[in-house]
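J.: Note that the sequence shown covers residues 10 to 180 in the working numbering.
These are computed hints drawn from the structure, not numbers from a lab. Hints are not guaranteed to be accurate.
Unchecked claim - Here are the simulated lysine-lysine pairs, DSBU-like style, with alpha carbons at most 35 Å apart:
| no. | residue 1 | residue 2 |
| --- | --- | --- |
| 1 | 39 | 165 |
| 2 | 49 | 127 |
| 3 | 165 | 90 |
| 4 | 26 | 44 |
Claimed, not checked - Okay, the calculated beta carbon distance ranges per label pair:
| no. | residue 1 | residue 2 | range |
| --- | --- | --- | --- |
| 5 | 129 | 171 | 42 to 52 Å |
| 6 | 26 | 171 | 14 to 24 Å |
| 7 | 149 | 93 | 37 to 47 Å |
No experiment lies behind these values; they were computed from the predicted model shown. The C-beta atom is built at its ideal place from N, Cα and C for all residues, glycine as well.
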Amino acid sequence: MLDLLPEICDQHAGSVKVLAPSLLNFGGRKTFYGKIVTLKAFEDNSKIREQVALDGRGKVLVVDGGGSMRHAMLGDMLAQKASDNGWSGLIIYGCVRDVNALANIDLGVQALGAHPLKTQKRGLGDLEVPVCFGGVSFHPGEYVYADNNGVLVSEKPLDLVALGWLESNTE
Numbered sequence: 010m011l012d013l014l015p016e017i018c019d020q021h022a023g024s025v026k027v028l029a030p031s032l033l034n035f036g037g038r039k040t041f042y043g044k045i046v047t048l049k050a051f052e053d054n055s056k057i058r059e060q061v062a063l064d065g066r067g068k069v070l071v072v073d074g075g076g077s078m079r080h081a082m083l084g085d086m087l088a089q090k091a092s093d094n095g096w097s098g099l100i101i102y103g104c105v106r107d108v109n110a111l112a113n114i115d116l117g118v119q120a121l122g123a124h125p126l127k128t129q130k131r132g133l134g135d136l137e138v139p140v141c142f143g144g145v146s147f148h149p150g151e152y153v154y155a156d157n158n159g160v161l162v163s164e165k166p167l168d169l170v171a172l173g174w175l176e177s178n179t180e
């Protein structure tokens, strides 16, 4: 089975929230999921840098960048650090850069688009606060699932083995 989100929607339509189509896949990992860590930061990726330096096993960093199309919140160096520290992925309501390099990093990355200009480093941002974009609220501790079909949120972790997804996609 190649498409996780349609399967989840078929089995759990009443218990998941689906993000309105708006994000594109940029990372080397096209399907990713995990426990949500949230960050709200506008045109400043200082807090992203702090978070990706931490152990991210089983987690996805969801960043509300205010939908800014003027600066990139993530580039190849921070993405590689996130991958090295076990993050499953990042979902960014904003832009990324270094898209050719991102495609080769074992990390899920979804964002609105690409922009070559990096952000200012002012140390601003709010961690672990509810964020909302694409018609969905993301709360710390909930679970997010993403693939080429989109993004969805569940209050509880979903049993991917019961969906038949993990079993057919693990070695």
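J.: State for each hint whether it applies.
T.: We went through each hint and held it up to the structure:
{"no.": "1", "hint": "39 to 165", "result": "holds, 22 Å"}
{"no.": "2", "hint": "49 to 127", "result": "holds, 17 Å"}
{"no.": "3", "hint": "165 to 90", "result": "holds, 27 Å"}
{"no.": "4", "hint": "26 to 44", "result": "holds, 15 Å"}
{"no.": "5", "hint": "129 to 171: 42 to 52 Å", "result": "holds, 45 Å"}
{"no.": "6", "hint": "26 to 171: 14 to 24 Å", "result": "holds, 20 Å"}
{"no.": "7", "hint": "149 to 93: 37 to 47 Å", "result": "violated, 23 Å"}
The structure fails to meet hint 7 from the earlier list, while all remaining hints are met.
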